[in-house]
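**Q** Protein chains in written order, with our numbering: chain A, 1 to 272; chain B, 1001 to 1207.
Hints listed in this document are in silico derivations from the structure and should not be mistaken for laboratory results.
Worth double-checking, as some hints may not be accurate.
[Said to hold, decoys possible] As a list, the in silico DSSO-like pairs of lysine-lysine whose alpha-carbon atoms are at most 27 Å apart:
1) Lys1196(B) with Lys243(A)
2) Lys1056(B) with Lys1113(B)
3) Lys1140(B) with Lys1196(B)
4) Lys1113(B) with Lys243(A)
[What the hints assert, rightly or not] Some residues of chain A that are not near chain B, with every Cβ distance over 10 Å (derived):
5) Ile65
6) Ala227
7) Gln251
Owing to the predicted nature of the structure, the values given are computational and were not obtained by experimental measurement.
Note that CB positions come from ideal geometry on N, CA and C, so glycine has one too.
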Amino acid sequence: MTNVTNQKAIVLFSSGLDSVVNVSILQHIYKIEPILLFIDYGQKALEAELQSTKRFASANGLKLITHKISDRILGSKLTDGNSDIDVDVSDGREAPVDLVPYRNLQFALIGAQYARKLNINIVSFAFNISEMGAYPDNTDRFLENLNEMFLATTYYPYEQPIFFISPTIRFTKTELVKIGTYLGADFKNSTSCYYPINNLACGVCNSCRFRIEAFKRAKVKDHIDYAIEVDFDSQPVSYEDVKMLLDIALQDKQKLKEKLEKFGLTSGVSHV
Amino acid sequence: MCNIVLSYSNNYLEPDLVDYMLDILPTKGRDNYSALIVDDDFNVSLIHNKDYDTFKTLVDLHMPTKLLLLHSRAIPETETNTYNGPNIYTNNRFYVAHHGIIPNAEQINKNIKIDSQALLDIYETIDYENINSWFMQSVKKYPRSSVEIVYDVENDKLVIANTFMPLYYTIIDDVYIYVAYKPDDRFCSMQPYSVKVIDLKEILVYT
């Protein structure tokens, strides 16, 4: 398999399911070294996410950067208001209860600044198909426009380009559980819960519900602890189960490789 | 959540182009597959299958084809099984494919079987004369639908629309191609929150 490059990537990381699989795809398919970037934006689950992120980084020998946004991002139930558990029962004409407006645009700018400081050319998000319809800043259009805007404001060759990628963007959460399980993703040191109860995932917030549903559909046991009883099937994930998904990940890797080559950033290409 | 691959043309679809369209179909959504085919006499056929390899064998295009609409579905974990059906739906006037989610589908239509069915109720009021304002009003009714391709049999019109999620287009061998996931740099992005109407009667097949 040809490596994309000997590059590193700044990986925006929350310790959620998507984040953890993103790291696995970068490491095992893209052959890129991830440097985790955890951002404190005043989210209610800050402590649980941060502790889980530290455990994940430590258990997997990864570098971790933590960054605090000085003012909370306003206008979201994830950062404002009371701490009641929100289950999305809106009729669809309202925004999702867990929407944080412009969050990923802010994250992109912060990620790019660290990338530039550390002489890194890649910033990676962990988007997925399942959430694309609810969050406009989780889409391929968002990524494409971000890349175009950054390239248009990069004074090459005086400044090196930064590319924003999302190796998880073409997959549902269920597919990510399958890929992650196949690649050995460290799900145990992940958390998706917005409102943990005594360090246990609540099992009823939107994020917990979607995570549980993804593991159930994938027929894989979720090894994190829930405050409620949840039954999972447990079947091994074979190469045949994920072959099509791995092929798609390889296509995206090839696209990134071509972009990097255009700017002469793949001098370290090696074959493993 | 889905991929949509659409072509309309005044020419025969070359087998290589059909293969290309089928190849890029599963790049975004692999839970089931649908195809709408309109030939040069406006005969319509609709194909559904959950298995990609079987589906490809069913899309047999050995005839002049005015319109080919391919749809692959990704079923998000947010959806109940109620909406998990194949996703080109018709009431015999409109054929509707969409990309996105419609969490308020049951409020639009209580007897719904799959979510794209809810869009039919909205399209019954389509106003071609004032398509832009009609579209922006309809977006308020189901804001998370995002990309829609609708074939109006009665008027031989094709409606192509997107909101915040993208729809890309290009021309390959004189054939207009639209996709919901950009396969390469030949494709350009439609403006967000825009709609266009194609009159298929003006797309005559060469003989």
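**Q** Please check whether the beta-carbon of Gln251(A) is more than 10 Å away from every beta-carbon in chain B.
**A** Violated, because the least Cβ-Cβ distance between Gln251(A) and chain B comes to about 7 Å, which does not exceed 10 Å.
**Q** Take a quick look at Ile65(A) and tell me if its Cβ sits farther than 10 Å from every Cβ on chain B, holds or violated.
**A** holds (30 Å)
**Q** Has the given pair, Lys1113(B) with Lys243(A), been kept, meaning a C-alpha gap of at most 27 Å?
**A** Violated: Lys1113(B) and Lys243(A) sit about 32 Å apart, past 27 Å.
**Q** Is the straight-line distance between the alpha-carbon of Lys1056(B) and that of Lys1113(B) 27 Å or less?
**A** holds (25 Å)
**Q** Is it correct that the beta-carbon of Ala227(A) has no partner in chain B closer than or equal to 10 Å?
**A** Correct as stated: the minimum Cβ-Cβ distance to chain B is 20 Å, above 10 Å.
**Q** Is Lys1140(B) close enough to Lys1196(B), meaning Cα to Cα at most 27 Å?
**A** holds (18 Å)
**Q** Between the alpha carbons of Lys1196(B) and Lys243(A), is the straight-line distance 27 Å or under?
**A** Between Lys1196(B) and Lys243(A) the Cα gap is close to 38 Å, so the pair fails against 27 Å, i.e. violated.
Hint compliance for this structure: hints 1, 4, 7 are broken, all remaining hints hold.
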